[in-house]
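Chemist: Chain residues, written in single-letter form:
Protein chains: 2
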Amino acid sequence: MRGNGRRPDPRVTGLTPEFVDEVRDALDLGQPERVRALVTPLGYADLADLLEPLDSRERAALIQAIHDTFDPTVLTELDDSVRLDVVEQFSTADLAAAIAKLESDDALYLIETLDDERRIAVMQAMPAAFRAILEQGLSYPESSAGRLMQRDVVAVPGFWTVGETIDFLRRSHGLPDDFYDLFVVDPAHRPAGTVPTSRVLRNPRETRIRDIMDDRGLSVPATMDQEQVADIFRRNDLVTIPVVDDAQRLIGAITVDDIVDVIDEEAEEDMLGLARTGERDIFASPLRTARRRQSWLLVTLVNTILASLVISRFEGAIAEIVALAILMPIVAAMGGNAGMQVVTVMVRALAARDLTGGGTWRVVGKEIVVGLMNGVVFATVMGTIATLWFGDWGLGAVLASAMMFNMVWAGLAGTVIPLTLNRFGVDPAVAAGPFLTTTTDVLGFFVFLGLASVFLL
Amino acid sequence: MRGNGRRPDPRVTGLTPEFVDEVRDALDLGQPERVRALVTPLGYADLADLLEPLDSRERAALIQAIHDTFDPTVLTELDDSVRLDVVEQFSTADLAAAIAKLESDDALYLIETLDDERRIAVMQAMPAAFRAILEQGLSYPESSAGRLMQRDVVAVPGFWTVGETIDFLRRSHGLPDDFYDLFVVDPAHRPAGTVPTSRVLRNPRETRIRDIMDDRGLSVPATMDQEQVADIFRRNDLVTIPVVDDAQRLIGAITVDDIVDVIDEEAEEDMLGLARTGERDIFASPLRTARRRQSWLLVTLVNTILASLVISRFEGAIAEIVALAILMPIVAAMGGNAGMQVVTVMVRALAARDLTGGGTWRVVGKEIVVGLMNGVVFATVMGTIATLWFGDWGLGAVLASAMMFNMVWAGLAGTVIPLTLNRFGVDPAVAAGPFLTTTTDVLGFFVFLGLASVFLL
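Here the protein sequences line up with chains A and B, keeping their order. Take the first sequence: its position 91, counted from the start at 1, is 91 in full-length UniProt numbering, and no numbers get skipped. Take the second sequence: its position 184, counted from the start at 1, is 184 in full-length UniProt numbering, and no numbers get skipped.
Don't take every hint at face value.
Computed Cβ-Cβ distance ranges for the label pairs, DEER-style [to be verified]:
1. Asp214/B x Arg36/A: 22 to 32 Å
2. Glu103/A x Asp215/B: 14 to 24 Å
3. Gln64/B x Arg249/A: 43 to 53 Å
4. Arg170/A x Asp152/B: 21 to 31 Å
5. Ala155/B x Arg170/A: 19 to 29 Å
6. Gln294/A x Asp152/B: 53 to 63 Å
By construction, these hints were calculated from the structure, which means they are not laboratory data. We put the beta carbon where it would ideally sit given N, CA and C, even for glycine.
Model the full structure from these sequences, guided by the hints.
Modeler: Pasting the structure below:
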């Protein structure tokens, strides 16, 4: 790594705790010049990382110190709660001017995160032309290609030569700063192909653009969901894709750096969904975090009350054989765990579209077989342990049978529940876990205590 | 979307089950020509998606039908078990020739997935120059920048003009097919900056390359872990980054499409880790899947046996008050669930390096407060329900106290366990869950049954 001397490069290593402490010291001692000296070399992602762990007062002091040179791109990198804090440090006019300096996709992203009142004020303070662009962007559905796209693209007709194209590019103003593909359009401004900039560089001036274009003709409508767009990037190893309106006309392009963010976001959603927590923002206030998690904890509470109701049906059996109470959590835990393994694999397969091409029933069958195999292994182990522990082979046999049943059930329910939810348009990452564990708890307790009542009493 | 007439475009929509069935029919009926007609329009990612749901016999027939036109890039997109199946359909010589046609990063990826014997045979069947490149690639650690990088890069001296650079590019052979950045190197071949190809296109022929380069001077050593490389791409919105050897000389470059795969992989690892399943391959055989999951199920079994041992200490209390057995799963489930919410948020924050810049202790404190808030809410609700259900306010109070305790504990353990594991270099995504639920189960049962023994007997 090329160092810059004294200090590890934060663009590579991230910020060190020591650096954050140093900035915090300077803020606390009221030394804005020292703050500026420390912060100026940081890139926008690092400045965002610095703002997040600070408290509100420190954030305000930091923004105060660097107000005039503040790069608004930082705002796009902040967690929601921190962004609100930072945005408050700017007047409407300053904020409007800062956002108008951004590329249209970043500006759109920022504008949509402001609360309604602030958004309207900021939009009104903007140059009319930029406001019109943002308003059109906001007209596309949330998380759609239209929201992600950059509107400034380079479009050329296919009959141009490489030479004409280079001359045009050298002459034109108002093109994006950097771009990686040129789009070839027909007379109706519909995309006909894509030309990587390197091909324009490498071919002789007299070559026709249409002869070096990639004519796979991929494009996406502005209304397509960003998750599907990300999938198209992955499947085709793209760097850019043109975005078209209803009439198939080129209106913008999406670049892969935005897709990296989408992929991160979607993976995070799946992961947090599986853990049943809607919270993605570690710096949000405790009250807000507590509230967001309550709905999922409530689901858990209802699940577990259902399980308790099942147990209460077998009060008599437990009073007679206390060992049942000791062993019953094992049946539920093993079924729940085996089931969540299956659910996770299914959620991932559905997200990666590994199951769109058929093979679904083979996977269901496979998971039942896996449940059977591991059911036999763990039921034998645990049945033996229980027999030795309580000196009662009947109890061991009942425990083993209930575990077998619950682990096979986990294979069936772990596949069928996510598939069914997905079929009905419900996100399986979020909903499959609670459904599954309710069934493995309720059935686990029911089968174990039920078999015990029949055979041991 | 530009359609291609009859059929939805699989590059955009993925394969339809109908299409897969059609191919399968043609394979079963032994109609290789129909198979070829169906499969030829597919891109490599689609062909990979088609191969995965087929069984071994169908895969062999499909490869047979398209053997001569098979694009080896398909192999890079397959799940491990399917790839082994497909690779077996090729002779060593054919496979060596196919791999030698790939870009060096893809070839390296494929070679390292072969078993030892096959790898040695295939390497020996390759042109010596290509073999040398692969051997050097294999000398870098697994999952390092050196394994990911493309070796063919465009490097130019900074004193060249745009015109000289374009002339050089038009003249040269053996450059990569498409590229998005040129690298500026000093006389010792060390990277000094990066020039997006679009800047070369847009500037007059007499402009010096060094005047239009991005001189942030970012580069990564070949030994850097891919996860850290991905993080640098994210933080700096890069499309390419140069890779350097120990002497800081430019030896290759990593492009963002490979980073998209790394990000997917890392997110998947975290997600599967949290679900305690090492399996990522839904098309692996049941026996293999069952085996891979056993280690995690064993961890669950040990956890839950520990919990059973705790319960067995309170046999007397349960025999006297069966309601304890009915209510005790609630304490464990709520603590475990609240704790896993915290663990997931922490795992994500650690993976995204949101916590490298300090603020750690604030987050621990916050989670304890969140645990306290939600503890109060749910303990009150469930304490009331238990009091009404069993007509015993003492039981309700004991249940509420145990729930409070366990949910505050979940906040503390849910933050401290991942942080501690991370400090000691253990992946918290995999290990934090089992640790956490063991504590919430064991402590949950212990506190609930213990309080009950003291106050209710």
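Chemist: If a hint holds in the structure, say so; if it doesn't, say that too.
Modeler: Evaluation of the provided hints:
no.: 1; hint: Asp214/B x Arg36/A: 22 to 32 Å; in the structure: 24 Å, holds
no.: 2; hint: Glu103/A x Asp215/B: 14 to 24 Å; in the structure: 21 Å, holds
no.: 3; hint: Gln64/B x Arg249/A: 43 to 53 Å; in the structure: 44 Å, holds
no.: 4; hint: Arg170/A x Asp152/B: 21 to 31 Å; in the structure: 28 Å, holds
no.: 5; hint: Ala155/B x Arg170/A: 19 to 29 Å; in the structure: 24 Å, holds
no.: 6; hint: Gln294/A x Asp152/B: 53 to 63 Å; in the structure: 55 Å, holds
Checked against the numbered hints above, the structure violates none of them.
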